[in-house]
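Colleague: One letter stands for each residue in the lines below.
There are 2 protein chains.
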Amino acid sequence: MQAEIITIGDEILIGQIIDTNSAFLGKQLNKIGVSVYQITSVQDNKSQILKALKEAESNADIIIITGGLGPTKDDITKHTLCEYFEDELIHNQKVLDNIEMLFSKYISTPISDINRHQALVPSKCKVLTNKYGTAPGMWFEKAEKVFVSLPGVPYEMKALVNDDVLPRLRETYKFPFILHKTLLTYGLGESAISNRIEVFEDNLPDFIKLAYLPNLGKVRLRLSAKNMDRTLVEQEMERQVQLLIPQIEDIFVGFEETESIETIIGKQFKERSQTLALAESFTGGKISEIITKHAGASQFYKGGINCYATESKIEILGVSEATISKFGVVSKEVAAEMAIAAKKLFKSDYAIATTGNAGPEKGDEKADVGEVCIAIATPKALIIETFNFGNHREKVIDKGVNKSFEMLLKEILKN
Amino acid sequence: MQAEIITIGDEILIGQIIDTNSAFLGKQLNKIGVSVYQITSVQDNKSQILKALKEAESNADIIIITGGLGPTKDDITKHTLCEYFEDELIHNQKVLDNIEMLFSKYISTPISDINRHQALVPSKCKVLTNKYGTAPGMWFEKAEKVFVSLPGVPYEMKALVNDDVLPRLRETYKFPFILHKTLLTYGLGESAISNRIEVFEDNLPDFIKLAYLPNLGKVRLRLSAKNMDRTLVEQEMERQVQLLIPQIEDIFVGFEETESIETIIGKQFKERSQTLALAESFTGGKISEIITKHAGASQFYKGGINCYATESKIEILGVSEATISKFGVVSKEVAAEMAIAAKKLFKSDYAIATTGNAGPEKGDEKADVGEVCIAIATPKALIIETFNFGNHREKVIDKGVNKSFEMLLKEILKN
Numbered sequence: 001m002q003a004e005i006i007t008i009g010d011e012i013l014i015g016q017i018i019d020t021n022s023a024f025l026g027k028q029l030n031k032i033g034v035s036v037y038q039i040t041s042v043q044d045n046k047s048q049i050l051k052a053l054k055e056a057e058s059n060a061d062i063i064i065i066t067g068g069l070g071p072t073k074d075d076i077t078k079h080t081l082c083e084y085f086e087d088e089l090i091h092n093q094k095v096l097d098n099i100e101m102l103f104s105k106y107i108s109t110p111i112s113d114i115n116r117h118q119a120l121v122p123s124k125c126k127v128l129t130n131k132y133g134t135a136p137g138m139w140f141e142k143a144e145k146v147f148v149s150l151p152g153v154p155y156e157m158k159a160l161v162n163d164d165v166l167p168r169l170r171e172t173y174k175f176p177f178i179l180h181k182t183l184l185t186y187g188l189g190e191s192a193i194s195n196r197i198e199v200f201e202d203n204l205p206d207f208i209k210l211a212y213l214p215n216l217g218k219v220r221l222r223l224s225a226k227n228m229d230r231t232l233v234e235q236e237m238e239r240q241v242q243l244l245i246p247q248i249e250d251i252f253v254g255f256e257e258t259e260s261i262e263t264i265i266g267k268q269f270k271e272r273s274q275t276l277a278l279a280e281s282f283t284g285g286k287i288s289e290i291i292t293k294h295a296g297a298s299q300f301y302k303g304g305i306n307c308y309a310t311e312s313k314i315e316i317l318g319v320s321e322a323t324i325s326k327f328g329v330v331s332k333e334v335a336a337e338m339a340i341a342a343k344k345l346f347k348s349d350y351a352i353a354t355t356g357n358a359g360p361e362k363g364d365e366k367a368d369v370g371e372v373c374i375a376i377a378t379p380k381a382l383i384i385e386t387f388n389f390g391n392h393r394e395k396v397i398d399k400g401v402n403k404s405f406e407m408l409l410k411e412i413l414k415n
Numbered sequence: 001m002q003a004e005i006i007t008i009g010d011e012i013l014i015g016q017i018i019d020t021n022s023a024f025l026g027k028q029l030n031k032i033g034v035s036v037y038q039i040t041s042v043q044d045n046k047s048q049i050l051k052a053l054k055e056a057e058s059n060a061d062i063i064i065i066t067g068g069l070g071p072t073k074d075d076i077t078k079h080t081l082c083e084y085f086e087d088e089l090i091h092n093q094k095v096l097d098n099i100e101m102l103f104s105k106y107i108s109t110p111i112s113d114i115n116r117h118q119a120l121v122p123s124k125c126k127v128l129t130n131k132y133g134t135a136p137g138m139w140f141e142k143a144e145k146v147f148v149s150l151p152g153v154p155y156e157m158k159a160l161v162n163d164d165v166l167p168r169l170r171e172t173y174k175f176p177f178i179l180h181k182t183l184l185t186y187g188l189g190e191s192a193i194s195n196r197i198e199v200f201e202d203n204l205p206d207f208i209k210l211a212y213l214p215n216l217g218k219v220r221l222r223l224s225a226k227n228m229d230r231t232l233v234e235q236e237m238e239r240q241v242q243l244l245i246p247q248i249e250d251i252f253v254g255f256e257e258t259e260s261i262e263t264i265i266g267k268q269f270k271e272r273s274q275t276l277a278l279a280e281s282f283t284g285g286k287i288s289e290i291i292t293k294h295a296g297a298s299q300f301y302k303g304g305i306n307c308y309a310t311e312s313k314i315e316i317l318g319v320s321e322a323t324i325s326k327f328g329v330v331s332k333e334v335a336a337e338m339a340i341a342a343k344k345l346f347k348s349d350y351a352i353a354t355t356g357n358a359g360p361e362k363g364d365e366k367a368d369v370g371e372v373c374i375a376i377a378t379p380k381a382l383i384i385e386t387f388n389f390g391n392h393r394e395k396v397i398d399k400g401v402n403k404s405f406e407m408l409l410k411e412i413l414k415n
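These protein sequence lines are chains A and B, in that order.
Residue numbers for the first sequence follow the working numbering, beginning at 1 and rising by one.
Residue numbers for the second sequence follow the working numbering, beginning at 1 and rising by one.
These aren't lab readings, by the way, just hints derived from the structure by calculation.
Don't take every hint at face value.
For chains that are exact copies, the list does not tell them apart, and a pair is met inside one copy or across any two.
[What the hints assert, rightly or not] Subject to a maximum C-alpha distance of 30 Å in a straight line, what follows is the list of computed DSSO-like cross-link-like pairs (lysine-lysine):
1) Lys395 to Lys145
2) Lys414 to Lys124
3) Lys226 to Lys94
4) Lys27 to Lys362
5) Lys126 to Lys395
6) Lys105 to Lys332
7) Lys174 to Lys131
8) Lys326 to Lys46
9) Lys270 to Lys366
10) Lys51 to Lys267
11) Lys362 to Lys270
12) Lys293 to Lys267
13) Lys105 to Lys410
14) Lys27 to Lys51
15) Lys226 to Lys73
16) Lys145 to Lys158
17) Lys73 to Lys31
18) Lys344 to Lys226
19) Lys181 to Lys344
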């Protein structure tokens, strides 16, 4: 059972937006046992959409289309679907009721004819109600194949997929079982890992594949299994994981499907009833943002200081001016004082402090571009490391965030 | 002149990573006058890659391929390209020298045969040196068409594109002129805008298209023009923009190509020599992260407090316990005290404070899920607003960030 995803919109092709819908759809389809054969992004152009639909129909059993359903003139997906299915638009009262409800509840401008026209839908489709927006989802069936057209706005699309599309697909088909296990490692490059586990890799059964996903100091090892026999998949996956872990014990931090490194850290803190504080300079609040995007962060995260300006390091955190002028603002000494101060200020058990020069210019700092110091204060110790993360601002920041989490987790697990 | 982008990797199709490379490539190709006809993402599978290459060759003149060039067994792009071009792999000393240099400089593990094998490249390709990684870029020419294969690691790919691929394409072809102008608006829905500017839209010349890009409280209006005559494109675009702006004056904040809202804000601050501080609760550091991802933020951004826990609002910012127990932690009163405290603590001219319940649970807070308060302290005034941003955690946080920037810019422009 194969699916194809078609995302429609000039904004994707000109790079104005990043297509995040496809990744979400790929993940959700995989969970119910559907492989995605191909993702195709095309312009808001009738002949291109028709061509993509035709090719998708020949490749896949399930075709999911997003985008081009807005109320404005550049949105042509609905008309194009009518042409593809030799259909016509008819008024749907349920859709109009939903549009009117949304306007009365959440939208301050008056409802217009443009909005009311969104209640016109192809006569052959089944309407999927969009709880969060005015464009309905549409479900078509043609010669044993299913086509689903969804709005491009991510949170509207996601709700429709989870609440409506996936349950309907499960009712319509019987799917094989797909299982991914991704092992998160920090501290060793992909080819070094590959060398080390070569025998393991060569002896994997046919229905399990291994992939390496390297990214700025971390490498994810993904095992993917697919088979109609769920028990076989689960047992063999478990066996292979148990074979693999001892070979990478020193670099393995956890599984990604259930856990990112920040949720592994959060879980550790919650179990130990311990807390964390931050003092972020060159990472600018990104560590904090990643921690707080998960619900429940308030159980262990006390807060942080984004001390971007040197004076805020002095005035808010109380870093000594003498330390800064002697060692420079990017130094182990300053990182240490920042971590200790954050721990004290927030009365936390642990603290992370980051100071560095993310570039692109050397500026008036003593530190080279890419030079950073990260300090971890724990209940018992203070660990400080210096790195050079290169000359790419975004990369320096992201590597700093990854390295901070890696260093913190290592210290937590020691205690 | 059309391009097609092919991104290769199982991790894209199963949704483990979001394909950000395509958006970057789309944007850069557009800048030199190349339209992207289609983006196709396929698995690490020989027959699928071959099929995608064949289709791309029939659609487009320039085919850019990313991914599948790593040193490990799951990376098969290079072998597949050999098959497609009826070619064979040969040793390239320049590539090996680069790999050895990278290892000696940046990588602590010893170089292995797996890494050395990356110096095998198809004999018919021109090698593009990868300054940041071990996989080289490859440039093929076949019957007036260009195929470029690039590593999937974003920063390696980006450097190759900017330093090597785009200059070579410019030398090889003569391109038409493409110009996008995106007007950033805040505060009115897409259909209300569409109603208002209907006459303008109907009278646009053939070679200029208008698109609406709505996203959580902001709508971007993109005008796209393409023509061989650069002067015509530039003059007509300017004329249309001058026609459009007066019709949306109350909601227009700036142009996106050059400026996101945070860079517009940064520019205003720098011109006025004024400064900003933050006190972020439910936005968790995201406002700070967005400000600091731009170089030069230190010229106006003093820093911020991520006061996620209630006690940190009291202890670090000095919000009064009485205010919290009387009005609740999500209240206009608390937001006001936070903004005033941040402004004072960091000695800034302006401060933003955010407090809210992003959900998914009501918890022990008085506030409903989605309820938030945002306060802006200015040199002269204090503005506080309450919103309900719905029941989706990620959406509540992102709407909060957008609304904070919108409110701040409005106040700056008043002063």
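Colleague: Decide, hint by hint, whether the structure agrees.
Modeller: The hints, checked one at a time:
Taking the shortest Cα distances, Lys395 and Lys145 never come within 30 Å of each other, neither inside one copy (43 Å) nor across copies (33 Å). For a Cα distance limit of 30 Å, the shortest separation of Lys414 from Lys124 qualifies neither inside one copy, at 62 Å, nor across copies, at 53 Å. Within a single copy, Lys226 and Lys94 get their C-alpha atoms no closer than 40 Å, and across copies no closer than 41 Å, so neither meets the 30 Å cut-off. Taking CA atoms no more than 30 Å apart as the test, Lys27 paired with Lys362 passes between copies only; the shortest distance there is 28 Å, against 42 Å inside one copy.
Only between protomers do Lys126 and Lys395 lie at most 30 Å apart by alpha-carbon distance; the minimum there is 28 Å, versus 46 Å within a single protomer. Taking the closest pair of Cα atoms, Lys105 and Lys332 come within 30 Å of each other only across two copies (23 Å); inside a single copy the shortest separation is 54 Å, beyond that limit. Only within a single protomer do Lys174 and Lys131 lie at most 30 Å apart by alpha-carbon distance; the minimum there is 28 Å, versus 48 Å between protomers. Taking CA atoms no more than 30 Å apart as the test, Lys326 paired with Lys46 passes in neither setting, with 66 Å inside one copy and 59 Å between copies.
Taking CA atoms no more than 30 Å apart as the test, Lys270 paired with Lys366 passes between copies only; the shortest distance there is 24 Å, against 39 Å inside one copy. Proximity of Lys51 and Lys267 under a CA criterion of 30 Å is satisfied in neither setting, with 48 Å inside one chain copy and 45 Å between copies. Taking the closest pair of Cα atoms, Lys362 and Lys270 come within 30 Å of each other only across two copies (20 Å); inside a single copy the shortest separation is 40 Å, beyond that limit. In this assembly of identical chains, Lys293 and Lys267 lie within 30 Å of each other by CA distance both inside one copy and across copies; the values are 15 Å within and 29 Å between.
Within a single copy, Lys105 and Lys410 get their C-alpha atoms only as close as 49 Å, which misses the 30 Å cut-off; across copies the closest is 26 Å, which meets it. In the homo-oligomer, the alpha carbons of Lys27 and Lys51 lie at most 30 Å apart both inside one protomer (25 Å) and across protomers (24 Å), since each shortest distance falls under that limit. Taking identical chains as interchangeable, the C-alpha atoms of Lys226 and Lys73 lie at most 30 Å apart only when they sit on different chains, with a minimum of 19 Å there against 43 Å within one chain. In this assembly of identical chains, Lys145 and Lys158 lie within 30 Å of each other by CA distance solely inside one copy; the values are 22 Å within and 39 Å between copies.
For the identical chains of this complex, Lys73 and Lys31 are inter-copy neighbours only, at 25 Å across copies versus 36 Å inside a copy, given an alpha-carbon limit of 30 Å. For a Cα distance limit of 30 Å, the shortest separation of Lys344 from Lys226 qualifies neither inside one copy, at 51 Å, nor across copies, at 59 Å. With identical chains, the CA atoms of Lys181 and Lys344 are never at most 30 Å apart, being 39 Å at best within one copy and 49 Å at best between copies.
Hint violations for this structure: numbers 1, 2, 3, 8, 10, 18, 19, all remaining hints satisfied.
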